[in-house]
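Here the structure of chain A is known, so what remains is to put chain B in place on it, guided by the hints.
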Amino acid sequence: MHKSNTLKKPLKVGLGLMLMSCPIWSNPVFANEKVDIYGYFAWRTEKVWDELSIDQNGNTVTSNAPREISIPSFNIMLQSQIADKAKVFVNLNGADGEEVSVRNIWGEYKFSDLVNIRVGKTYRKFGLYNEILDAVPTYIGIEPPELFDQDHLILSRETLAMLHGTRPFGDGDLNYSVSVDNGEGGPTSEDNIPVGVDLRYEWNLGSYMLGMSGYSSNGDTTSDVALGEGSPRSGVLPWMSADSFNVIGAYGQFDVNMLTLQFAYWNASHDATRDPDSIVRVVNEAGVNVNQRSRFLIDPSGPVTASNVNLNGDYDITTWYVRAGYSFFNDMGEFVPYAQWDFYDNPETIQNKTFGGDNEAGLADDGKFSKATVGLIYRPIPQIAVKLDFSSHFQEFNGKDESYPEIRFDVSYIFGQ
Amino acid sequence: MNIRFNFFSAMAYVLKCVAITFCSVQLSWAAEIAIIVHPSNSVDALSKSDVGRIFLGKSASFPGGVKATPINTPFFQETREGFDKLYLKRSQAQMKAFWGKAMFSGSGMPPKEVADGLAMLNAVAADPSAIGYLDASLVDASVKKIAVK
Numbered sequence: 560m561h562k563s564n565t566l567k568k569p570l571k572v573g574l575g576l577m578l579m580s581c582p583i584w585s586n587p588v589f590a591n592e593k594v595d596i597y598g599y600f601a602w603r604t605e606k607v608w609d610e611l612s613i614d615q616n617g618n619t620v621t622s623n624a625p626r627e628i629s630i631p632s633f634n635i636m637l638q639s640q641i642a643d644k645a646k647v648f649v650n651l652n653g654a655d656g657e658e659v660s661v662r663n664i665w666g667e668y669k670f671s672d673l674v675n676i677r678v679g680k681t682y683r684k685f686g687l688y689n690e691i692l693d694a695v696p697t698y699i700g701i702e703p704p705e706l707f708d709q710d711h712l713i714l715s716r717e718t719l720a721m722l723h724g725t726r727p728f729g730d731g732d733l734n735y736s737v738s739v740d741n742g743e744g745g746p747t748s749e750d751n752i753p754v755g756v757d758l759r760y761e762w763n764l765g766s767y768m769l770g771m772s773g774y775s776s777n778g779d780t781t782s783d784v785a786l787g788e789g790s791p792r793s794g795v796l797p798w799m800s801a802d803s804f805n806v807i808g809a810y811g812q813f814d815v816n817m818l819t820l821q822f823a824y825w826n827a828s829h830d831a832t833r834d835p836d837s838i839v840r841v842v843n844e845a846g847v848n849v850n851q852r853s854r855f856l857i858d859p860s861g862p863v864t865a866s867n868v869n870l871n872g873d874y875d876i877t878t879w880y881v882r883a884g885y886s887f888f889n890d891m892g893e894f895v896p897y898a899q900w901d902f903y904d905n906p907e908t909i910q911n912k913t914f915g916g917d918n919e920a921g922l923a924d925d926g927k928f929s930k931a932t933v934g935l936i937y938r939p940i941p942q943i944a945v946k947l948d949f950s951s952h953f954q955e956f957n958g959k960d961e962s963y964p965e966i967r968f969d970v971s972y973i974f975g976q
Numbered sequence: 416m417n418i419r420f421n422f423f424s425a426m427a428y429v430l431k432c433v434a435i436t437f438c439s440v441q442l443s444w445a446a447e448i449a450i451i452v453h454p455s456n457s458v459d460a461l462s463k464s465d466v467g468r469i470f471l472g473k474s475a476s477f478p479g480g481v482k483a484t485p486i487n488t489p490f491f492q493e494t495r496e497g498f499d500k501l502y503l504k505r506s507q508a509q510m511k512a513f514w515g516k517a518m519f520s521g522s523g524m525p526p527k528e529v530a531d532g533l534a535m536l537n538a539v540a541a542d543p544s545a546i547g548y549l550d551a552s553l554v555d556a557s558v559k560k561i562a563v564k
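Taken in sequence, the protein lines are chains A and B. Using the numbering used here, the first residue of the first sequence is number 560, and each one after it goes up by one. Using the numbering used here, the first residue of the second sequence is number 416, and each one after it goes up by one.
Because the hints were derived from the structure by calculation, they are not lab data. For clarity, every value in this text was computed on a predicted model and none was experimentally measured. There may be inaccurate statements among the hints.
To be verified - With a straight-line cut-off of 25 angstroms between C-alpha atoms, the simulated SDA-like cross-links for lysine to any residue are:
no.	chain 1	residue 1	chain 2	residue 2
1	A	593	A	665
2	B	463	A	813
3	B	473	A	766
4	B	473	A	664
5	A	593	B	541
6	B	500	A	665
7	A	593	A	703
Okay, chain A solo, but in the shape it has when bound (with noise of 0.2 angstroms):
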């Protein structure tokens, strides 16, 4: 089952002009009630230079990709206090100058510090980064990590209500958040309500903060895309029949004076039936490697039919990241230059992005990169920002270790801060 949270055209023109003549200005229930507007305009440009394949022969051969240069994108959000406890959000995504997309809109009652009901589309508490990945790129300036890379994300980022509260402990504040979820493809035959959790220690007023997330489909779940949709926007496979999965991970983050540490480790365990007539597909048109070919056939050098296919698709993803990044100043501006070594490891995916595929876990013999970046971010001033970072992967690939680089250059700016 495909879900799309994008506005298709109809709704594109008039959506902007009904933000500028929103109700809510006028409305007398909001008459009093001040609504901060802000946001940020991105552009990108990447490219990636000794791509790995495959010839004919079986030898490894490397070509350059091609330059990708996006279209600006923006983000615009909207957040009022609209009475003493309740509060409102909304996060407009416009992408491609072309849709326009609402990534969030929720309300919010707060009945205590420990009690606070959301309601509506909006990205759980898990880890450091989901709910702020729309603004990492641009703002935050460590690129996003590979547990919420769009191309192999390992669960939905996103739910429908979630509780949430703080009490102090200690020295510092524990944090608690429980959710449901919005993002699979639905349940099989169980009716099942997934659920994620996230608990988070802060102390030294924040500057220092463990925590822990974990998420659990609840029972077999499917993907929320079709196969030959492209990536799924949650954490099953779109050639799995049903999907029982978990996550659990762990992450912190350490601000000493000017200097910035993060880490984060996590474990996706998934009890999973692949689909007969989907391998089959996978197989033939999607272009698998050897070690992919072994697991999906019972007889990997038999023929490539259903009843060849082996169901049992169970497997586990494991993830983690270590990041620092330290601000400075002169007269020219703001300078963070960061670094940081991300590891992820797949064995179920594959290479296509077509098929559900991730490009780099896919792309490695045994489904594990490593991916090391050094970066700098430059504010000239502090609604912009000018980022430059390379990346080494690392992978196995055709029996042998390689690499290849990566470049990336962002320019954003960001209005009504």
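Coordinates of chain B only, in the frame set by chain A:
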């Protein structure tokens, strides 16, 4: 075009730059910062932690339950930089990141800002729930300076 770069050399260079800068950074703020409230406010003293929690949006009231409205001066002003470092334990960049996360996730908005110390004085004097800060030499009878433990 076939560009290759020595990744580890690049990383070593960046780390070297960071190390040199880290060693050369000095805090320039030295003047005394006064924490001020409206004269009608019954609060006479706060802990550093209380001040920090109010200005980070972690607490919306003074100890005792009276509503607190924090007021900031703009980023990178000398007093703001000193206040953030001393009471909120963060650099200006980290504070911008902190409020960026709050704004972009919808979890909060930064306190109202006024242009300078004089504007701070006027803003706190005009609002019974206000709490602000300024260079101690600027404090006058229109506001109440509170002790910070």
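Which hint numbers does the structure go against, in order from smallest to largest? 6, 7
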